[in-house]
Amino acid sequence: EAQVTQNPRYLITVTGKKLTVTCSQNMNHEYMSWYRQDPGLGLRQIYYSMNVEVTDKGDVPEGYKVSRKEKRNFPLILESPSPNQTSLYFCASSFSGQGVYEQYFGPGTRLTVT
Amino acid sequence: QKEVEQNSGPLSVPEGAIASLNCTYSDRGSQSFFWYRQYSGKSPELIMFIYSNGDKEDGRFTAQLNKASQYVSLLIRDSQPSDSATYLCAVTSRYTGANNLFFGTGTRLTVIP
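These protein sequence lines are chains U and V, in that order.
Per the working numbering, the first sequence runs over residues 3 to 116.
Per the working numbering, the second sequence runs over residues 156 to 268.
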């Protein structure tokens, strides 16, 4: 089954404790992206990757890191989480190029930082 | 100025009616326009996309694009209670390429049985 998976789905942590949210897709997509979703603010892009070893900042990259060592994986790293990073996080992937491509979203990770 | 603007709603329509969802965008160079549906607590799923002026129909859904007015809409005919969800409008930017999407905050639709 074609899908984007994220782990963990739910996470409660404390300020300053490093964490990683994993994202994996099995559709051989070049493009992957991380979003956070907050009430009243909608989906905002954190980082994206056009292909292996190619990453770039989105609208709200502060406090986050990413890496793209393999095509299928795109982990999101919070080196020192703070309460304002409490949010619902989505990973997405798609083919890339000049055409119009559907972005497939993972199930989401609900993060609470206390 | 927000890139993509939607009325947050809630928009309530009776079952069987037409629901009309609207979206405006600020980047005149935007190329592609998407409508996603998001049920509460779930991930967004694509309903349809449009990139040419005019109408595009897919079943009960019709997307309408007017690039001169920087306006895109989604019509849902014969609305069903299962259509109750938040509808997200997303556009691409000429500055960040065909893959990066900018989302509106969404319009919450309730279809009343």
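Don't read these hints as lab results, they were simulated from the structure.
Glycine is no exception: its CB is placed at the ideal position from the N, C-alpha and C atoms.
Do not take every clue at face value.
[Said to hold, decoys possible] Cut-off 35 Å, straight-line C-alpha distance, at most; resulting in silico cross-link-like pairs (DSBU-like, lysine-lysine):
{"#": "1", "chain 1": "V", "residue 1": "LYS197", "chain 2": "V", "residue 2": "LYS222"}
{"#": "2", "chain 1": "V", "residue 1": "LYS211", "chain 2": "U", "residue 2": "LYS71"}
{"#": "3", "chain 1": "U", "residue 1": "LYS71", "chain 2": "V", "residue 2": "LYS197"}
{"#": "4", "chain 1": "U", "residue 1": "LYS71", "chain 2": "U", "residue 2": "LYS19"}
{"#": "5", "chain 1": "U", "residue 1": "LYS20", "chain 2": "U", "residue 2": "LYS59"}
{"#": "6", "chain 1": "U", "residue 1": "LYS71", "chain 2": "U", "residue 2": "LYS20"}
{"#": "7", "chain 1": "V", "residue 1": "LYS197", "chain 2": "U", "residue 2": "LYS73"}
{"#": "8", "chain 1": "U", "residue 1": "LYS67", "chain 2": "U", "residue 2": "LYS19"}
{"#": "9", "chain 1": "V", "residue 1": "LYS197", "chain 2": "V", "residue 2": "LYS211"}
{"#": "10", "chain 1": "U", "residue 1": "LYS67", "chain 2": "V", "residue 2": "LYS197"}
{"#": "11", "chain 1": "V", "residue 1": "LYS211", "chain 2": "U", "residue 2": "LYS67"}
{"#": "12", "chain 1": "U", "residue 1": "LYS19", "chain 2": "V", "residue 2": "LYS197"}
[Stated by the list, open to error] Computed footprint of chain U on chain V, listed as stretches where at least three residues anywhere in the stretch have a Cβ under 8 Å from a Cβ of chain U:
{"#": "13", "region": "164-171"}
{"#": "14", "region": "198-211"}
Here's how the hints hold up against the structure:
| no. | hint | in the structure |
| --- | --- | --- |
| 1 | LYS197(V) to LYS222(V) | holds (31 Å) |
| 2 | LYS211(V) to LYS71(U) | violated (39 Å) |
| 3 | LYS71(U) to LYS197(V) | holds (28 Å) |
| 4 | LYS71(U) to LYS19(U) | holds (24 Å) |
| 5 | LYS20(U) to LYS59(U) | holds (20 Å) |
| 6 | LYS71(U) to LYS20(U) | holds (20 Å) |
| 7 | LYS197(V) to LYS73(U) | holds (25 Å) |
| 8 | LYS67(U) to LYS19(U) | holds (14 Å) |
| 9 | LYS197(V) to LYS211(V) | holds (26 Å) |
| 10 | LYS67(U) to LYS197(V) | holds (25 Å) |
| 11 | LYS211(V) to LYS67(U) | violated (39 Å) |
| 12 | LYS19(U) to LYS197(V) | holds (27 Å) |
| 13 | 164-171 | violated (count 0) |
| 14 | 198-211 | holds (count 6) |
Hint compliance for this structure: hints 2, 11 and 13 are broken, all remaining hints hold.
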